[in-house]
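Residue numbers (this note's numbering), protein chains in the order written: chain A, 1 to 680; chain B, 1 to 155.
Treat the hints as calculated values from the structure; they're not laboratory data. Fair warning: there could be bad hints in the mix.
Derived list of chain A stretches under chain B, where covered just means 3 residues or more per stretch with a C-beta under 8 Å from a C-beta of chain B [what the hints assert, rightly or not]:
1. 94–100
2. 590–600
3. 626–635
Straight-line alpha carbon distances no greater than 25 Å define the calculated SDA-like cross-link-like pairs of lysine to any residue that follow [to be verified]:
4. A/Lys29 / B/Pro46
5. B/Lys70 / A/Lys630
6. A/Lys421 / B/Pro46
7. A/Lys505 / B/Leu68
8. A/Lys630 / B/Leu34
9. A/Lys29 / A/Glu383
10. A/Lys640 / B/Glu92
11. A/Lys630 / B/Leu89
12. A/Lys640 / B/Ala150
13. A/Lys630 / B/Val84
14. A/Lys505 / B/Glu92
15. A/Lys630 / B/Ile33
16. A/Lys504 / A/Ala451
17. A/Lys603 / A/Arg543
18. A/Lys421 / B/Val95
19. B/Lys70 / A/Glu13
20. A/Lys640 / B/Gly51
21. A/Lys505 / B/Val106
22. A/Lys640 / A/Glu565
23. A/Lys388 / A/Ile464
24. A/Lys76 / B/Pro38
25. A/Lys505 / B/Val55
26. A/Lys640 / B/Arg93
27. A/Lys640 / B/Leu68
28. A/Lys640 / B/Ile33
29. A/Lys76 / A/Thr12
30. A/Lys505 / B/Ala150
31. A/Lys388 / B/Arg93
32. A/Lys505 / B/Arg93
33. A/Lys630 / B/Gly51
34. A/Lys505 / B/Lys70
35. B/Lys70 / A/Asp595
36. B/Lys70 / A/Lys29
37. A/Lys505 / B/Leu34
38. A/Lys640 / B/Pro46
39. A/Lys630 / B/Glu47
40. A/Lys640 / A/Ile464
No residue lacks a Cβ here, since even glycine has one placed at the ideal position from N, Cα and C.
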Amino acid sequence: MTMTDANETFRTEAAELLETLQAGLMELKQRPADLGLVDSVFRALHTIKGSGAMFGYTAAATFVHEFETVFDGVRKGRTPASPALIRIALGACDHIHALIQSPDASTAGGEPILAALRQAVGDGADEPVDAAVEPSASHSASGWKVRFRLPSDSLVLGTNPVLLLEELSAFGSCDVRALLGGVPELGALDPEASYLGWEVTLRADVPRESIEDVFMFLSMPSEDLVIAPLDAAGQDTTGSLDDGDDENIDSVGNAVPSKPRGAATGAGRSDGGNGASPARSFRIDKAGTSLRVPADRLDSLMDRVGELVIAQARLSQLASTSTDQNLKSVAEDMERLSASLRDTTMGIRMVPIGSLFGRFRRLVHDLSHDLGKEIDFVTHGEETELDKTMIEQLADPLVHLIRNAADHGLERPDVRLANGKSPTGTLRLSAVYAGAEVAISIADDGAGLDAERIRAKAAEAGLIAADQPITEPELFQLVFHPGFSTAREVTALSGRGVGMDVVKKTIEGLRGSIEIASTRGQATTVTLRLPLTLAIIDGLLVRVGDGRYTIPLAAVEECVELPPEADIASKGRSFLNVRGALVPFLRLRDLFGTDVPADLHPKVVIVSSGETRVGLVVDQIIGNNQTVIKQLSTLHAGLKNFSGATILGDGSVALILDVLNLVGSGQDSDESARSIGRAA
Amino acid sequence: MNATATTRTAMRALTMRLDDEILAIEAESVREILEVVPITRVPNAPEAVFGLINVRGSVVPLCDFRVLFKMDRRDPTEDTRIVVVDVQLNGERLVAGLLADKVHEVVDLDDSAREPVPRVGMRWPPDFIRGINRHNDAFVIIPNVETIFATLAAA
């Protein structure tokens with residue numbers, strides 16, 4: 001690994017840690033008393049500091065260290081995590097981010113933040129206590145007693161205890177004592193395992209963190225690393241600690257196998273043991289259960305799987321026309337394997353949308369502060385998973401929609417009170433699975449859209465005629481027109497009319513749709529509907545005329561025969577009675593202008609999107625197939641009925657029907673049918 | 001291609017026949033030449049980009065320049081070939097197939113023998129043509145593939 005690689009890795013990791021840090025801080029705002037959260041904030045800080053120093057981000061490491069020191073008051077429970085404190089801490093996160101992104105830039109911004117932090121912490125604590133406790137919290141004038149025991153596989157993994165001891169002795173004079181209690185009988189001794197523990201009495205004035213840093217890259221349970229201050233300074237607290245210390249050494253020395261006991265003492269004894277243990281387990285977690293892989297490797301893996309699926313389809317086609325039983329059984333195995341390989345690969349690419357929501361918590365917090373509005377941000381369905389490419393591309397549109405909701409949707413507290421609402425506005429972000437789609441909605445309980453203003457504005461912009469009859473959903477869709485904005489005043493955040501059209505474009509680029517529902521004076525909900533994946537889907541292959549088409553199987557509800565009485569084409573009566581419900585249907589033959597003679601018994605594939613259903617009349621239903629989605633080129637970008645194309649087993653190309661759009665045009669024909677009915 | 005190409009002394013190009021006209025496509029943008037493969041018609045697509053083909057696992061749009069040059073469309077014969085080109089369109093790569101009645105050869109078209117597109121007396125939109133070259137006593141039309149694709153994409 002080159003140095004640049006390492007730097008890059010550090011930067012990505014730091015960015016994730018900062019996100020964890022922010023998420024932790026935001027949570028802390030809501031539950032200030034949760035010390036577990038404070039610990040998680042600390043862990044993130046500590047890891048950034050450690051690896052930052054290692055990769056030469058000295059400025060960042062120094063700043064984080066200061067931040068950590070000041071924030072220690074919160075961890076010790078001396079200072080409550082007040083909203084003001086959280087805000088400053090978030091500012092500090094931004095500063096850390098800046099320091100990591102451009103290590104050479106000026107570090108001047110840091111001092112004011114620290115000063116503000118110190119003041120915020122100072123306000124909450126009794127000054128004298130603060131002064132007295134602060135030094136003893138992280139420093140000890142006389143020294144430390146460090147006791148550690150390496151995991152038994154650490155030698156195999158390349159840890160050299162001698163180096164650790166040398167590192168400790170570099171701080172000052174050391175007494176090292178080996179703890180032999182864990183060494184088994186010679187017969188049972190594994191020469192590659194580590195059985196020894198060490199107790200080091202370190203007489204040096206160093207911060208606890210420096211000692212912890214020595215053990216940074218080891219994952220040890222807290223009872224195996226105990227750092228306690230020496231008692232020589234004569235302070236009350238450390239005096240009592242010392243007694244316990246001796247006992248504890250004995251317990252480790254004599255009865256190492258009885259770990260639970262050691263754990264209890266270790267955890268209950270000192271802050272240091274407490275702080276160290278989550279940090280260790282955090283690292284174990286990272287190393288043991290997840291693997292960092294560059295995204296482009298996943299992309300090329302997906303491409304290969306796509307090619308494999310197509311090749312497998314060819315093999316199956318060959319096997320089906322062959323009489324060779326061996327070939328048939330191999331083809332079946334291949335089919336099964338490639339389907340499960342496909343599912344696994346796609347599973348790797350799925351990311352919970354919660355990773356995005358965390359970011360928005362911060363956004364809403366800042367917006368609430370900037371706009372002077374109280375906003376309660378509620379999220380649902382963080383665990384809903386989407387393809388990672390989709391998650392990446394969703395970030396910007398969602399930011400925009402949230403800003404809009406906070407800025408234009410929610411009213412000022414005084415206005416809300418005047419309207420008999422709670423002064424605190426609610427912004428609800430949720431994600432749910434809906435069939436083959438994920439629906440993401442951003443709902444606010446604000447003023448709602450002003451249909452009259454939108455109509456006036458649209459007429460002014462020449463988008464509609466002043467007296468044009470138009471339904472409310474259609475009217476709301478006009479909001480996505482480029483340059484359309486009803487905001488009375490342009491704020492720094494929104495109101496310029498750029499953005500909503502970009503939002504719509506991005507969502508449509510992801511083969512999704514966007515809709516707005518709004519009740520004047522009460523609420524606005526923007527719902528994004530997105531397909532679950534962009535890569536490979538299960539499809540239903542159908543024939544219309546001489547063309548073959550694929551329908552995403554997840555959107556298919558059922559297939560029925562087209563009853564002869566419904567077959568008599570009569571304009572305005574293209575409805576099917578499906579168990580009592582009227583379902584509009586579209587004749588794909590007409591839609592696609594096919595001139596090949598129709599089959600005698602047309603079939604109807606009933607597809608759904610969200611709440612609405614529409615029937616698609618086809619000539620023949622061929623069967624299931626695995627569909628590797630290929631995007632259409634820009635030359636065919638104007639086509640609304642197709643969302644892509646795929647390659648079939650015989651090597652020819654089939655178009656994939658865009659169910660969302662077809663359902664839309666089904667609705668339109670439904671509407672026009674009704675209006676014809678009204679007119680008649 | 002583009003501006004720098006015209007300042008060079010010669011352009012290497014692939015010549016192909018469409019009706020009784022000879023077209024020249026810059027050789028650098030030609031990726032491969034295929035015999036006719038199964039073509040999937042795209043309903044409601046513009047006539048000029050009427051189909052899709054499978055080129056080694058990718059789905060590629062198929063164009064018929066006959067439509068643009070106001071010639072009658074005709075069914076493939078045994079001479080018909082598909083010229084797969086690879087061009088930049090608004091900074092993005094676009095791979096497309098072009099139907100040709102027959103593919104001839106790779107030639108060097110001398111820039112000094114290039115003539116500007118006459119504004120009158122043409123049945124083709126002048127924007128679609130970069131120039132007309134005299135080659136072996138015949139006229140060779142150099143279509144402006146990028147402009148043509150950009151126009152089709154905007155349609």
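So, going through the hints one by one against the coordinates:
Check result for the stretch 94–100 of chain A against chain B: violated, 0 residues qualifying (beta carbon to beta carbon below 8 Å, three or more required). By the rule of at least three residues with a Cβ nearer than 8 Å to a Cβ of chain B, the coverage given for the stretch 590–600 of chain A holds, with 4 such residues. Here the stretch 626–635 of chain A counts 5 residues with a CB under 8 Å from a CB of chain B, which clears the bar of 3, and the coverage holds. The hinted pair formed by A/Lys29 and B/Pro46 fails the criterion: a straight-line CA distance of about 57 Å is larger than 25 Å.
The hinted pair formed by B/Lys70 and A/Lys630 fails the criterion: a straight-line CA distance of about 31 Å is larger than 25 Å. Simply put, A/Lys421 and B/Pro46 have alpha-carbon atoms about 55 Å apart, too far for the 25 Å limit, and the pair is violated. A C-alpha spacing of about 30 Å is found between A/Lys505 and B/Leu68, which places the hinted pair above 25 Å, so the restraint is violated. As the CA atoms of A/Lys630 and B/Leu34 are separated by approximately 21 Å, the hinted pair is consistent with the 25 Å bound.
Between A/Lys29 and A/Glu383, the direct Cα distance comes to roughly 22 Å. Compliance with the 25 Å bound is thereby established for this hinted pair. Straight-line distance between C-alpha atoms of A/Lys640 and B/Glu92 comes to about 21 Å, which keeps the hinted pair within the 25 Å bound. At most 25 Å may separate the alpha-carbon atoms for a hinted pair to count; A/Lys630 and B/Leu89 meet this at roughly 19 Å. Only pairs whose Cα atoms come within 25 Å are accepted, and A/Lys640 paired with B/Ala150 is accepted, the gap being roughly 19 Å.
With a C-alpha separation of about 18 Å, the suggested pair A/Lys630 and B/Val84 falls inside the 25 Å cut-off, and the hint holds. A C-alpha spacing of about 18 Å is found between A/Lys505 and B/Glu92, which places the hinted pair at or below 25 Å, so the restraint holds. The straight-line distance between the Cα atoms of A/Lys630 and B/Ile33 is roughly 22 Å, inside the 25 Å bound, and the hint therefore holds. Between A/Lys504 and A/Ala451 the CA atoms are separated by roughly 20 Å; this keeps the pair inside 25 Å, and the hint holds.
Restraint check: the Cα-Cα separation between A/Lys603 and A/Arg543 comes to about 10 Å, which is no more than 25 Å; the hinted pair holds. Distance hint between A/Lys421 and B/Val95 is unfulfilled; the C-alpha atoms sit about 58 Å from each other, more than 25 Å. With a C-alpha separation of about 59 Å, the suggested pair B/Lys70 and A/Glu13 falls outside the 25 Å cut-off, and the hint is violated. Restraint check for A/Lys640 and B/Gly51: satisfied, since their Cα atoms lie roughly 16 Å apart, inside the 25 Å limit.
For the suggested pair A/Lys505 and B/Val106, the alpha carbons sit about 42 Å apart, so the restraint of at most 25 Å is broken. About 30 Å separates the Cα atoms of A/Lys640 and A/Glu565, which puts this hinted pair outside 25 Å; it is violated. Distance restraint check for A/Lys388 and A/Ile464: the Cα-Cα separation of roughly 39 Å exceeds the 25 Å cut-off, and the hinted pair is therefore not satisfied. Annotation: proposed proximity of A/Lys76 to B/Pro38 is violated, straight-line Cα distance about 74 Å (limit 25 Å).
With a C-alpha separation of about 29 Å, the suggested pair A/Lys505 and B/Val55 falls outside the 25 Å cut-off, and the hint is violated. Taken as a hint, the A/Lys640 and B/Arg93 pair is honoured in the structure, with Cα atoms around 22 Å apart against an allowance of 25 Å. Annotation: proposed proximity of A/Lys640 to B/Leu68 holds, straight-line Cα distance about 23 Å (limit 25 Å). About 31 Å separates the Cα atoms of A/Lys640 and B/Ile33, which puts this hinted pair outside 25 Å; it is violated.
This hinted pair does not check out: A/Lys76 and A/Thr12 have alpha carbons roughly 30 Å apart, beyond 25 Å. This hinted pair checks out: A/Lys505 and B/Ala150 have alpha carbons roughly 19 Å apart, not beyond 25 Å. Of the supplied pair hints, the one linking A/Lys388 and B/Arg93 holds, its CA atoms being roughly 23 Å apart against a limit of 25 Å. Distance check on the hinted pair: A/Lys505 and B/Arg93 sit about 20 Å apart at the alpha-carbon level, within 25 Å; holds.
At most 25 Å may separate the alpha-carbon atoms for a hinted pair to count; A/Lys630 and B/Gly51 meet this at roughly 15 Å. Note on A/Lys505 and B/Lys70: the hinted pairing is violated, with a Cα-Cα distance of about 34 Å set against a maximum of 25 Å. Distance hint between B/Lys70 and A/Asp595 is fulfilled; the C-alpha atoms sit about 24 Å from each other, no more than 25 Å. Taken as a hint, the B/Lys70 and A/Lys29 pair is broken in the structure, with Cα atoms around 70 Å apart against an allowance of 25 Å.
Of the pairs offered as hints, the one joining A/Lys505 and B/Leu34 is violated, with about 36 Å between alpha carbons and a cut-off of 25 Å exceeded. As the CA atoms of A/Lys640 and B/Pro46 are separated by approximately 13 Å, the hinted pair is consistent with the 25 Å bound. As the CA atoms of A/Lys630 and B/Glu47 are separated by approximately 22 Å, the hinted pair is consistent with the 25 Å bound. Proposed proximity of A/Lys640 and A/Ile464 is supported: the alpha carbons are some 22 Å apart, at most 25 Å.
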